[in-house]
Amino acid sequence: MAKLDVFTQDWCRAWEEKVRASQDFAVFNKGWEGDIGCFIIKDPAAGLPEDQYLYLDFEDGKVNAICMVDREKAEKAKFIISGDYIRWKQVALKELDAVKAMMQGKLKLKGNLPYVVKYVKGVQESIRCLTELESRFPDD
Amino acid sequence: MTYDADLNFNYFAPTKVLFGKGSLSDLPYEVKRLGHKAVLVTDPGVVATGMVDQVKDIMGSTLSGIYEDIPQDSGMEVVDRGASLALSSGADVMVSLGGGSVIDTAKGMCIIMTEGGSLRDFQGMQILTRPQTPHIVIPTTAGTGSEVTCAAVVMDRQQGQKILIYEYFNTPRVAILDPKMTEGLPPNLTASTGMDAMTHAVESYCSQQRNPISDGAALHAIRLITRYLPLAVSNGSDLMARGQMQLAALMAGWAFSNALLGLTHAMAHSLGAVCGLPHGLANGILLPHVMRFNLEETPELLADIAEAMGVVTQGMTKQEGGEAAVFEMEHFLKRLGLPLSLKDVGIEEGALRPCAELAMSDGSIIYNPKMIPDPEEVLQVYLKAF
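In order, the protein sequences belong to chains P and X.
Under the working numbering, the first sequence has 23 at position 23, and the numbering climbs by one with no breaks.
Under the working numbering, the second sequence has 312 at position 312, and the numbering climbs by one with no breaks.
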């Protein structure tokens with residue numbers, strides 16, 4: 001399978017399909033309501049000259065959307081997770097657990113933490129699906 | 001004890017510690033080192049002991065005002081009101097004098113004093129981007145460990161849940177551990193707050209995020225608590241025991257703020273939010289039951305805990321060593337004269353199911369050594385403790 005460039009709509013669609021196909025995600029995310037805006041902070045030296053905004057909309061075990069959006073849309077999400085490009089890359093490559101990254105301040109979560117904790121296995125499963133993709137990063 | 005070959009972790013412990021009888025006298029110098037004037041945050045119980053007057057005298061002109069209305073299980077509105085008062089007094093440093101509720105309220109105030117707005121605007125994890133108002137903590141209990149942690153637990157009455165605030169940038173700058181400041185603590189509170197420290201040490205030692213540094217702190221805290229907590233309970237004027245308990249609570253605080261906690265805390269926070277049960281008391285009752293629940297995952301670690309508590313585990317299997325830790329913890333609670341069941345402290349059985357549901361969304365549950373997919377499992381542990 002050809003590698004997909006990260007932060008593109010094709011890459012998002014491929015990730016969305018993986019999550020949609022996950023039975024575990026459907027179970028772990030059951031009851032969840034709310035969208036997530038992910039801020040990927042630019043790193044020109046690594047080939048990412050502009051901030052990127054990823055948008056995930058999950059609802060009760062289903063995937064409504066995973067797509068790239070503008071800052072305004074991402075800022076309106078119920079939960080916002082932000083961090084440097086390198087941290088997101090580490091998460092996508094399974095080198096860094098997202099929850100541990102938040103605990104260590106490598107990623108910042110804005111929103112109701114207890115709610116995220118309740119559905120943490122759903123969050124982790126969605127990320128596991130991401131790690132199944134063959135992703136190509138700007139600095140690869 | 002063994003660690004994964006790919007072990008990697010951050011260890012964060014930036015608080016300066018001043019320990020010893022009379023160390024309180026350094027307070028004004030620490031205020032001046034960090035700023036100009038400090039607001040003193042405390043609660044009515046501490047005021048009644050006369051300690052506030054003593055601290056006021058020592059602070060002299062470095063004191064800008066006092067906020068003394070902190071209730072047990074303080075809430076977001078208390079934080080917002082306090083921050084407003086502190087700013088209007090001209091404070092640029094925070095001094096908190098009290099137990100966990102006072103210290104955590106002061107931590108929330110530090111954020112609002114720097115960032116403005118309401119604490120409700122800062123829900124999340126590690127969202128701050130700069131150092132917050134410098135905070136000097138003078139604990140009057142030996143248990144919470146909050147004097148050295150970046151975590152604060154504040155009640156959100158709108159959501160009916162205790163909210164965890166976890167921010168490296170808001171870790172206290174100085175902890176003053178003067179054994180005299182815990183001398184007046186009654187035996188029952190000495191015991192229950194001491195069990196809070198014990199629970200921090202045990203849960204961090206068994207956490208999925210444990211590391212060699214937190215393990216060292218946790219095990220030594222367990223040794224100190226086992227030896228000195230009964231002495232501090234039986235003779236509150238034993239300043240040697242009081243001081244060692246302060247150090248144990250601090251070490252357990254360092255351990256859990258890096259390794260995190262487990263199911264006992266998730267369950268105790270929920271009992272606090274739903275039934276108002278004091279945190280240390282809840283931890284003490286629940287701890288042996290959660291240890292038993294986790295036994296199949298962590299027999300070796302629990303055997304280490306048994307050894308730290310003075311049990312001779314030589315010749316035992318790991319399983320036997322783990323069981324010995326559970327047995328020893330139950331025995332320890334009895335020695336301290338603490339209640340052993342939730343029924344003993346007036347909890348109604350009907351409250352346990354909502355508590356079990358709530359515990360599933362508590363941040364402490366994530367790194368419990370045994371995965372908990374279903375609130376029914378939490379309910380079973382509550383029922384065993386009932």
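Treat the hints with care, since some could be wrong.
[As the list claims (entries may be wrong)] Derived list of chain X stretches under chain P, where covered just means 3 residues or more per stretch with a C-beta under 8 Å from a C-beta of chain P:
#	segment
1	115–127
2	151–165
3	171–179
[Said to hold, decoys possible] With a cut-off of at most 30 Å between alpha-carbon atoms, the simulated DSSO-like pairs for lysine-lysine come out as follows:
#	chain 1	residue 1	chain 2	residue 2
4	P	K106	X	K384
5	P	K106	P	K73
6	P	K118	X	K384
7	X	K343	P	K30
8	P	K100	X	K370
9	P	K108	X	K384
10	P	K121	X	K16
11	P	K106	X	K370
12	X	K16	P	K108
13	X	K343	P	K94
14	P	K118	X	K343
[As the list claims (entries may be wrong)] A few chain X residues that don't get close to chain P, going by computed Cβ distances all over 12 Å:
#	residue
15	G50
16	S61
17	L260
18	L340
19	M371
20	P373
Hints were generated in silico from the structure; no laboratory data involved.
Quick reminder that beta carbons are idealized off the backbone N, C-alpha and C, glycines included.
Hint-by-hint comparison with the structure:
1. With 5 residues having a beta carbon nearer than 8 Å to a beta carbon of chain P, the segment 115–127 of chain X meets the requirement of three or more and the stated coverage holds.
2. Judged by the Cβ-Cβ criterion of 8 Å, the segment 151–165 of chain X is covered by chain P as claimed, because 4 of its residues qualify and three suffice.
3. With 0 residues having a beta carbon nearer than 8 Å to a beta carbon of chain P, the segment 171–179 of chain X misses the requirement of three or more and the stated coverage is violated.
4. Restraint check for P:K106 and X:K384: not satisfied, since their Cα atoms lie roughly 39 Å apart, outside the 30 Å limit.
5. Distance hint between P:K106 and P:K73 is fulfilled; the C-alpha atoms sit about 23 Å from each other, no more than 30 Å.
6. As the CA atoms of P:K118 and X:K384 are separated by approximately 23 Å, the hinted pair is consistent with the 30 Å bound.
7. Distance hint between X:K343 and P:K30 is unfulfilled; the C-alpha atoms sit about 34 Å from each other, more than 30 Å.
8. Only pairs whose Cα atoms come within 30 Å are accepted, and P:K100 paired with X:K370 is accepted, the gap being roughly 17 Å.
9. Between P:K108 and X:K384, the direct Cα distance comes to roughly 38 Å. Violation of the 30 Å bound is thereby established for this hinted pair.
10. Taking the CA atoms of P:K121 and X:K16, the gap is near 37 Å; set against the 30 Å cutoff, the hint is violated.
11. Between P:K106 and X:K370 the CA atoms are separated by roughly 25 Å; this keeps the pair inside 30 Å, and the hint holds.
12. With a C-alpha separation of about 26 Å, the suggested pair X:K16 and P:K108 falls inside the 30 Å cut-off, and the hint holds.
13. Only pairs whose Cα atoms come within 30 Å are accepted, and X:K343 paired with P:K94 is rejected, the gap being roughly 45 Å.
14. For a cut-off of 30 Å, the pair hint linking P:K118 to X:K343 stands: about 28 Å separates their Cα positions.
15. Against the 12 Å criterion, X:G50 stays outside the reach of chain P, whose nearest CB is about 39 Å from its own CB.
16. Distance check for X:S61 against chain P: the nearest CB is about 37 Å away, which clears 12 Å, and the non-interface claim stands.
17. Under the 12 Å C-beta cut-off, the non-interface status given to X:L260 relative to chain P is violated; the minimum distance is some 7 Å.
18. Listed as a non-interface residue, X:L340 keeps its Cβ farther than 12 Å from every Cβ of chain P; the least gap is roughly 29 Å.
19. Distance check for X:M371 against chain P: the nearest CB is about 9 Å away, which does not clear 12 Å, and the non-interface claim fails.
20. For X:P373, the shortest C-beta to C-beta distance to chain P comes to about 7 Å, within the 12 Å cut-off, and the non-interface label is violated.
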